[in-house]
Amino acid sequence: MTVNPSGWRPTAPANEQGEAQTVTGNRALMLEEPLLFEIGSTEQTGVDFDPPRDGEGDHAKHGGGGAVQGSDPPPSGLRPATSPSRGGARLGGLERARSIGLPGLSEPEAVRHYTRLSRQNYAIDLGLFPLGSCTMKHNPRLNEKVARLPGFADVHPLQPQETVQGALQVINELAFWLLDLTGMYGVAMSPKAGAHGELCGLLCIRAALEARGDKRQVVLVPESAHGTNPATAAFAGYRVEDIPANAAGRVDLNALKARLGPDVAAVMITNPNTCGLFEPDMIAISEAVHGAGAFVYCDGANFNAIVGKVRPGDLGIDAMHINLHKTFSTPHGGGGPGSGPVVLSEALAPYGPLPYAAKYPDGTYKLVEEEDGADEHPDAFGRMVAFHGQMGMFTRALAYILSHGADGLKQVAEDSVLNANYILRSLADVLDAPFAKSGPCMHEAIFSDRGFAGGLSTIDVAKALIDEGFHPMTMYFPLVVHGAMLVEPTETESKAGLDQFIAALRSIAERAKAGDESLGAAPIYAPRRRLDETLAARKPILTYREPQPAEAAE
Amino acid sequence: MTVNPSGWRPTAPANEQGEAQTVTGNRALMLEEPLLFEIGSTEQTGVDFDPPRDGEGDHAKHGGGGAVQGSDPPPSGLRPATSPSRGGARLGGLERARSIGLPGLSEPEAVRHYTRLSRQNYAIDLGLFPLGSCTMKHNPRLNEKVARLPGFADVHPLQPQETVQGALQVINELAFWLLDLTGMYGVAMSPKAGAHGELCGLLCIRAALEARGDKRQVVLVPESAHGTNPATAAFAGYRVEDIPANAAGRVDLNALKARLGPDVAAVMITNPNTCGLFEPDMIAISEAVHGAGAFVYCDGANFNAIVGKVRPGDLGIDAMHINLHKTFSTPHGGGGPGSGPVVLSEALAPYGPLPYAAKYPDGTYKLVEEEDGADEHPDAFGRMVAFHGQMGMFTRALAYILSHGADGLKQVAEDSVLNANYILRSLADVLDAPFAKSGPCMHEAIFSDRGFAGGLSTIDVAKALIDEGFHPMTMYFPLVVHGAMLVEPTETESKAGLDQFIAALRSIAERAKAGDESLGAAPIYAPRRRLDETLAARKPILTYREPQPAEAAE
Amino acid sequence: MRYLPLSDADRSEMLRVIGASSIDDLFRDVPAELRLKGPIEGLPLHASEMAVERHMTALSRKNMVAGDVPFFLGCGAYKHHIPASVDHLIQRGELLTSYTPYQPEIAQGTLQMMFEFQTQVARLYGCEVANASMYDGSTAMWEAIVMAHRITRRKTSVISSGVHPHYVSVAKTMAKFTEDSLETALPELSAETDAERLIASIGEETSAVVVQYPDILGRITDLTPIAEAAHAAGALLIAVVTEPVALGLIKSPGEMGADIVVGEGQSIGVGLQFGGPYVGLFATREKYVRQMPGRLAGETVDAEGKRGFVLTLSTREQHIRREKATSNICTSSVLCALAFTIHLALLGQKGLRQLASLNHARACEVADRLTAIPGVELVNDAFFNEFTLKLPVEARPAVHAMVEKGVLGGVSLGRLYPGADPLQHGLVIAVTETVSEEDIDAFETALKEVVR
Amino acid sequence: MRYLPLSDADRSEMLRVIGASSIDDLFRDVPAELRLKGPIEGLPLHASEMAVERHMTALSRKNMVAGDVPFFLGCGAYKHHIPASVDHLIQRGELLTSYTPYQPEIAQGTLQMMFEFQTQVARLYGCEVANASMYDGSTAMWEAIVMAHRITRRKTSVISSGVHPHYVSVAKTMAKFTEDSLETALPELSAETDAERLIASIGEETSAVVVQYPDILGRITDLTPIAEAAHAAGALLIAVVTEPVALGLIKSPGEMGADIVVGEGQSIGVGLQFGGPYVGLFATREKYVRQMPGRLAGETVDAEGKRGFVLTLSTREQHIRREKATSNICTSSVLCALAFTIHLALLGQKGLRQLASLNHARACEVADRLTAIPGVELVNDAFFNEFTLKLPVEARPAVHAMVEKGVLGGVSLGRLYPGADPLQHGLVIAVTETVSEEDIDAFETALKEVVR
Ligand SMILES: Cc1ncc(COP(=O)(O)O)c(C=O)c1O
Ligand SMILES: Cc1ncc(COP(=O)(O)O)c(C=O)c1O
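Protein chains in written order, with this note's numbering: chain R, 143 to 696; chain F, 143 to 696; chain L, 23 to 474; chain S, 23 to 474.
If you're looking for bench data, these hints aren't it; they were derived computationally from the structure.
Don't take each hint at face value.
[Stated by the list, open to error] For lysine-lysine, the following DSBU-like pairs were computed, each having C-alpha atoms within a straight-line distance of at most 35 angstroms:
{"#": "1", "chain 1": "F", "residue 1": "Lys399", "chain 2": "S", "residue 2": "Lys198"}
{"#": "2", "chain 1": "F", "residue 1": "Lys357", "chain 2": "S", "residue 2": "Lys177"}
{"#": "3", "chain 1": "F", "residue 1": "Lys501", "chain 2": "S", "residue 2": "Lys412"}
[Said to hold, decoys possible] Label-pair distances were calculated between CB atoms; the ranges are:
{"#": "4", "chain 1": "S", "residue 1": "Ser43", "chain 2": "L", "residue 2": "Thr467", "range": "54 to 62 angstroms"}
{"#": "5", "chain 1": "F", "residue 1": "Ser241", "chain 2": "S", "residue 2": "Arg312", "range": "28 to 36 angstroms"}
{"#": "6", "chain 1": "F", "residue 1": "Glu304", "chain 2": "S", "residue 2": "Ser43", "range": "53 to 61 angstroms"}
{"#": "7", "chain 1": "R", "residue 1": "Gly596", "chain 2": "F", "residue 2": "Pro691", "range": "40 to 48 angstroms"}
Nothing here was measured: the structure is a model prediction, and the numbers come from that model.
We treat Cβ as the ideally placed atom computed from N, Cα and C, and that holds for glycine.
Construct all of the structure, not just a fragment, from the sequences and the given hints.
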């Protein structure tokens, strides 16, 4: 390992503040960390094994210890099982001979490597994370605790059902409350994330249409929709067409009506939409769509704004996915795992996938799989995943729903909307808010880059927020707003926290309008300055390659 | 809360690098955090209670929820016990009327407050923590896991003994291995930390002396001893006198012999001593002390250097405390909890305190308390603590000992000594190592500030190490070395980590000798620059006081 | 409510600033008649943490815990010991509560770990590149089939009968809608895999051959001939690995010529969790990277020339390419990938090899012990840590009978292939390092009793 | 070995740099004949994490878990529900694995939390200042007696019969060696505390009066008269609080004139842990701060004028003053103090008051239910969440008999005061928010049966 693990060299351009450089490249608590492959060794391991017996001689040389040596009192747990004389003899000649090239770390090195790396991340636990459309709310620690109860964490998906009644009850109870909160008829629990839920919903629609021998080809998607919507429609074999928006940032009802026809299978609406606005014509939209023999898919990623306030089932929606990792607080974990249950209308429920957890009058629970599917759920369109869905997210989401309860969830929606409108109105004088005149927003506030001095754009504002100690908002999405800044504070932010954010964004916005070039250099205090994404894409380096001896020397 | 929670004001002296200041005072991931009392409110709480029943109306107004409202399936766990109509009626008129002034935080605010604060700390998990005499080694995560098993974490100290056999077995097994590793005769498990163990040891000695009607008044302690040694001797009612050291940094045997006499109760030796040196005359010392009718107390804080290599019992020691939070890896936690079991010679064992966990031939365990003490342990000098000692540390230390085993612990001592000598020899050319000529050191290397340019001292080197991403070594201790720098790497550091540390310290040492004034400004990258300790001591502010309206305004 | 920081005073002050008279004012776009008047019906009001914890604990106790009994289940999910430090580290707020690393300057932790993960997966699979995770093994397999379709512009894939039946149903379900055609078959209780059938059925319409290694019955066979046959016909070989620990001991699919290797990563770092969340692994050849689904972390430099990492090749992805994306995946399974990379970094090659050989040795012992029971036959010639027994009785009732004796004694093929009569006597048994001598004794005793 | 990063190659390279021929070369100061030749005898060789975890788990399962049964024990250790976030936070490496904050520039996290803790403790106790923690309540009480001795230059303290017997034994043990004299007595099973005896026995040799509040029998009484009497005689009042939750509902000792208030903080954030580690709380008047033992965090500014915190008034402490220090304490119980401050910050005044009133209401209910059992009498008039019953039978066997019925039904005074006949029928019962309706039913049934 080189003394200075970062790429930094004294010859590299000294940064603006002409900082005193350190020998290590570290800056006190901001520590540079080399790659695993630069510090680990294939001869090192952070996992010990109990001593070999005959036949395990194979890894005797790897030095398992002799925990069984005479000990008084003899630690009962410390006796490994013996193993047979024939170990290693039944691999059909497929032994892996070559080095795999996987470095190992001792536990102290590993804890330090990952602790240091983690400290280079921003997270909800550090501060406001107003990433629009992502609902980065606080993740309750109780949820982490219950998900780790051995009765949930250490249970195999194929255990006989009499041994997993509690697990099935969790799925069933959560399904029950999701239906209660959405006013829908059925729910598919197995989708692994929102996009997977979208796919599940569209497949239900397609199955329903095919059941009536109807081969429709087109799915209509607003321009403002999240990328997963068109991608999913295409993945499900549909042709995607745009729905135009009106000046108020909503679906243009008349344009939609005009386009509807016998070739349209479904309309995908996001409500509240990605501009953070509720679709006031939702019922008219649903009626028009149903009138044309199509179905209404609702992207429920923004359900947080209305949970406990209005039930999607009352809006004429046929299918909607719910991101448990957004509205129901399961941690995002740097990019998943998520969970995307899909609630279904009476028309679509029969086509939902297998398996599902059913409750029987005698209080027992059953996982309905292919075997019983034929009788109990004959029209199921199929199966979306191996096993039964994201159990680890179900336990967390159920704990969250029971913790908040009916009163708490209503408050969640109200506070998330209140926080967003507070930001919207507190900054409307310095930032262009294209839809502000059309009234209040829902859970997120959207601004444009209108009025910024030439050469400065949304990204400069975003990066300057980093220096101020905040995660930037969603940038340049949705596409319908120029240089969009989509700010979703969520309900778990305090007023004091919002006030600090508003003050910071206000000053940055003023600098952007005044043409303060220094914004272009932001961030200056983060672990890294702006990164060269073009270089990364032009010649992709996607895995580590050991340096040639020459380089290694340095 | 003010927008800028730190004391920083634009008017304050801009720091050396003339950094661009932020509105919030934050620097990207280095976040300023106000005091709990500045962000919390006495009306806010992060703990919910279940709904009031008659008589608990008392806190009904605090809005407990109605978890019991009709729910299907009824979450069984969600029913609180009812309470009587007389609640609050039996306080003997002592109700607390006045506001307590304790602010509360919601869970999201609390998680953020403490996460941000934690990020202002250095820790073993971040990097090398070579604090001499403190043995800051890696704390295995397995230990944290086992200490939290409900069977250990959720057991009451006064449960009937038939319900805590496993807990008693842990104490007994750990005691068994500590005796095995030290070659001593008995062990007192209840002391809460090293200093408490010292006290326990001296009280055993005093009890033994009094048992033979011997009222000795003096305890001899080397100048190089840790402050707790003389403090403990005084606390136990003894007069403290110095033992001089020789040029090689060891106890001056002849001077000691000369001082020994009928008034000397005990000699407190640290071995390996606080200069990181083994006392080669230890046996001669013990013989001399015993010859004079006194006892040998050994400060075992440095046991890590010799564990599994030599048994203190073979060195003629009568009592020695073991810091489980050093040698046996229980986490230091920012200043405890620790645990300081004391191993005793045959001469002192009868006087050890109550209670203790005894194993009986039938395989059962008994906690011997005052009740049975009279029969089973009549000479016990008394009791050191309520209950039975640091169970949470015992489980961790036992897991550690079993994990390392006999071979692992020997390796621990060897690697800790190897690492220290590697540092000693790698820096001997740039730093003055007063005892280097006398041979190898044990687990820690000591340097002096000899050769630093005028105006620069040990503290400047220490603070510069902070910028380089390391915790400083122990400074100005022991007192016998001028500007002492006591470096204890421990065995859980990799060679690569040591090489980086050596390179950093080398460059700083060179700057110190060259008189580089900028060292005086270090640290510049830490959450705070050097703090004014004189001001803190001159007018102590030890608790928060709400600002007067005037100040509050700003 | 403990998760909500706003006080009533804050709320009214904020409404004042906004210029709204009431909170409902802000919901004015929601048709008034549909707005719920009070807390929604049915759901109880909020509950204390203690009450919720007790409810969840009560539910958890209705399940039989794998770690509490002799346990021998596999078939796509394996019980391995996970070092305590893994869970400790992934619970750090900076990893647990961060989002997909869209802002690389303050997401280097996740990005570097993704890059390290990609490298580990590629090396474990013997491939050139890997992505930063898919949902799980079953969805990864479908994405691989679609990817092969894109690369070869062919629509027919031949799926080995040794592929996990859930994986096959997922593929069949999707194929219905994408008009891909899949050739599938039921496995047979024989030591032979269907390699020959596969090779025979490769044609010029074939986009890919899909094989599982080790397969659903625990069988392992050299993939080289299949790879050669596929390549000769211009088709790809897709290999599916449900037990990554195996690759510490046996050849990687990449070494044997597989073009795309996908699989389940659950075995390493993730745990059983009743089936999810798990983590899909996905690796392939460098030349196909632009056809690959999922997130990719790539190396670059920052404005000061320091090395750093970013999400890259996003032009493959839905948020840029929308309907033209290689997949609709967005949120994947990064936290599980972090657990995987941490556990694998702790193991390293040395530990992984020890773990794998310990698993195999233990499995061999169990196979010997159980086949000594009269009437019990071993189906496999070769296997890693999982093998199939042919019992003298139907396996499914036998499994339930063993539960009565407190033993979780494998997965019956009847559970996986309901109605497939020739398979009803098949019992698939997985043996890992967590199996103790006492566990083996208990299993042996229980099985003896239920087969007699 | 998994905790040791050095490889054999590293070791020999390092020996080369050092110029030593072997590792034993470095141990040359240790008499050769005493150096162990190989691994020490007796102790087994190293073991896998899995094996150690299994051994420890097996031991843990030999204990009856408080949370699994109806549980009513107190007497200095109380079972309260601790929010999951508390343990999550104190497990952050930056808090768990840091040392005493000697380098304040990189220890502001611990230091600010200490400062916040000191403020919370002072306010809870109704005092001006508090330190950053002692080992536990019992050692804190002894330190308080020594401190009073220093302040008053008197050596006799009068200890209430209501003080926890373990605390008294600790004090007696120490007093033997410091020549302090302590006046103590056994408690009586009456509603009255010994306040009058205490007042009566105050003389001009008295350094301090020591009372526990609520006391060992759960009794609470106004401390004001005792404080006045003590002050009139130039003595101090030391109050001991073993259940801090009580102070959410009843007057603080400080409000009633106590000069030093010490106690056990375990109830808040720490948990039962079979008796340790716990955390000692220590508060007093500003004017006595320089006589106070233990660490203190104080506010100051850094070179840029930013507010920061440091350890201060160290001239009281052993590392500076050595034999003249106010105490020999060094490592105290900071991590438990952090758990305490986090839990108390989550509660806040509002939550603490709710928690305390819930505890009291529940305790009142249990007292009513149990005293309805024929022959069972309530000793207390006033109490918080703990009270004493006089049973018609000896309490100690009754407690064991209840264990047979799966109920942990309180602490018998026979356990605390072996041989003190008048107390043998006394049973001390603590009731907290964790007690459910079902627990109360089970307890009532069990007690009925054992007293009949
Ligand atoms: C509006 C919208 N739709 C769909 C998705 C996709 O959900 P997921 O990332 O869980 O697949 C997201 C999440 O980013 C979203 O914001
Ligand atoms: C040499 C020495 N003796 C005694 C002690 C006191 O131990 P503790 O802090 O556990 O009371 C220490 C710890 O700092 C020490 O280093």
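Checked hints:
1. Lys399(F) / Lys198(S): holds (30 angstroms)
2. Lys357(F) / Lys177(S): It holds: about 21 angstroms lies between the C-alpha atoms, which stays within 35 angstroms.
3. Lys501(F) / Lys412(S): Since the Cα atoms of Lys501(F) and Lys412(S) sit roughly 34 angstroms apart, the hinted pair holds (cutoff 35 angstroms).
4. Ser43(S) / Thr467(L): 54 to 62 angstroms: Distance hint for Ser43(S), Thr467(L) holds at roughly 57 angstroms.
5. Ser241(F) / Arg312(S): 28 to 36 angstroms: holds (29 angstroms)
6. Glu304(F) / Ser43(S): 53 to 61 angstroms: holds (57 angstroms)
7. Gly596(R) / Pro691(F): 40 to 48 angstroms: Given range 40 to 48 angstroms: holds, Cβ gap about 46 angstroms.
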